[in-house]
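Asks: These are the residues of each chain, in order.
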Amino acid sequence: MLRFSKTSRIGLMAIVGVVLVFMYAPLTVLVLNAFNERQIASWPIQEFSLKWWVIAFESEPIRAALLNSVTVATAAMLIAMVLGSLVAFALSRYDFFGKSTVNLLIVLPIALPGVVTGVAFSNTYSNFLTPAGFQIGYFGMIVAHSTFCIVMVFNNVFARLKRMNPSLQEASMDLGQGLWGTFRLVTLPQFRTAFAAGALLAFALSFDEVVVTIFTAPPGVDTVPLWILKEMARPNQASVVNVVATVVILLSLIPVYISQRLSRTENEK
Amino acid sequence: MNVIARAPKRPISSYLHLHPKAGLRALLALPLAWLVGVYIISLLLLLVTAFWFTDPYTSKVRPGFTLDNFVSIFTVPAYFATSARTLGIALAVTGVCALFAVPLGIFMAKIAQPWVRNLLAVAITLPLWAGYLVKLLAMRLTFTEQGLFNWLLEPLGFSGPGFGIPVIILTLAYLWFPYMALPVFTAIVLLPPNLFDASADLGAKGWPTVFRMVLPLITPAIIAGSVFTFSLSLGDYLAARFVGGKTQMIGSIIASNINLNPPVAAAFSMVPIAFVVMYLMVARRAGSLERM
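In the order they appear, the protein sequences are chains C and V. Heads up: the first sequence is residues 1 to 269, going by the working numbering. Heads up: the second sequence is residues 1001 to 1292, going by the working numbering.
Okay, chain C solo, but in the shape it has when bound (with noise of 0.2 Å):
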């Protein structure tokens, strides 16, 4: 047992009490400030006003933006679905030099920072690609995302694998099922629900990634986080971005929630 005097029990509790605070408190002024009345955000907000919201939803940039966002996301998520289960399967299944290395290499997309990773394509893109005759355009910024996806899909999936049972698959193939049939009827079944979780995390780290599609999103093509952004800069930010803002909160814990879900009933089993 871990004996704390009254004191430092307190002490514990309260920085407890300040980093939820800190972890709260700027996402409720953000969201309250998307029912300001006014258009430059403030605090305390003196009136209350759901004016923004209908400019929100009658916004063309912003369906087109939102647009984009789902397209991109989908086709990273369906990508990096496929690459990160086979590295999961290979690193789960077999032992073999260089292991740790291919570990790091889907690892390093993410542990880069997104500002290297983001330059990285767009040099290759605009230096090396365009000179060569070829416009990669808005598959460019497919192929980025899908890269910095694979490693959500590979955590999910191989810590699923992990933990099953390699019996099975051979008893599997002892009674006769090749390998086609040993995974759709042994394996499948059993790692589903952590392949369709990770998915879901590369849709959502996807539909939030902001510096890496700075750098490879075609000219005059905006996703939700590069339209929030030029609302940013400009001098006089509309509270419109908040609305924005809040939806984007709502959009991606919904994502997050339903791969929890599915994380927390497999593993109750």
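I should point out that these hints are in silico values taken from the structure, not numbers from a laboratory. Just so we're clear, the structure is a prediction, and the values are computed from it rather than from any experiment. For glycine and all other residues, C-beta sits at the position ideal for the given N, C-alpha and C. There could be a bad hint or two in this list.
[Claimed, not checked] No more than 27 Å apart at the CA atoms, straight line, and that leaves these computed lysine-lysine pairs for DSSO-like: (1) C:Lys162 to V:Lys1021; (2) C:Lys99 to V:Lys1246; (3) V:Lys1021 to C:Lys230.
[Claimed, not checked] Covered by chain C, according to a simulated footprint, are these stretches of chain V (three or more residues, beta-carbon under 8 Å): (4) 1041-1053; (5) 1137-1148; (6) 1228-1236.
Put chain V on the given structure of chain C with help from the hints.
Replies: Leaving out everything else, chain V in the frame of chain C:
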């Protein structure tokens, strides 16, 4: 034995059973082709570009070999100061995160009731997904001239620091705190309870146990968390842009040069890569990568 003569019923499955390495290659081929062919090649090309130069007349990038871009990192005083400042900010952010994550982890793992613990675990994880830019905007609204922070300080006769390095550090700590808090909490939960009993039996009270037993044992987890807080802070430039006033960070220099002078941007990208690679080496030594 006529087994060999008989064609196997499932040729692929049988082949893979006899040649396990082939299965490994099949699994790794596509992901490695992507990660190496797309990502590592891009990083290498960036390194190559760092030795090129921009034609001053046409402002086009020209292949060649010059060390000027790298030399400028050390000789241009503004560049060097920015690198040092960024390193300082990243270390400060890591320090702030660790300073709060350890007491929080101890409280959650050892003092809180189970339902409080679960609630806190959710409470720390949720903001991680609220979106980077959203949180940046939230911090900007909080620390702006007429924001919540100044409003709270006003009755006390103070006013906030205004946008600058302290607010950058706070904002980055706010952004990356969960990356530190979660591994630290997990590590404390996983400490065997009998170690705490032993420590208490040997007469150690709360804090000596924390400093002499808990801290050394959770150091790998702190390092694992710090990889994220450090590396993410090191490369960040939007915080500097939106809550930093006139403060510049390495990322600001990279971002402002990528279109004007790509070789300088490329050379500068090597600075955070160098810092992060060194940091990852330390983390691997401490066995922290498995916890990431």
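Asks: Each hint needs a verdict: does it hold in this structure or not?
Replies: Going down the list of hints, with the structure as the test:
Between Lys162 of chain C and Lys1021 of chain V the CA atoms are separated by roughly 19 Å; this keeps the pair inside 27 Å, and the hint holds. At roughly 44 Å between alpha-carbon atoms, Lys99 of chain C and Lys1246 of chain V are farther apart than 27 Å, so this suggested pair is violated. A distance of roughly 50 Å separates the Cα atoms of Lys1021 of chain V and Lys230 of chain C; the hinted pair therefore is violated under the 27 Å criterion. Chain C is given as covering the region 1041-1053 of chain V, and this holds because 6 residues of the stretch bring a CB closer than 8 Å to a CB of that chain, at least three being needed.
For the region 1137-1148 of chain V, the proposed coverage by chain C is satisfied: 10 residues have a C-beta within less than 8 Å of a C-beta in that chain, meeting the threshold of three. Here's how the region 1228-1236 of chain V fares: 6 of its residues keep a CB closer than 8 Å to some CB of chain C, so the rule of at least three is met and the hint holds.
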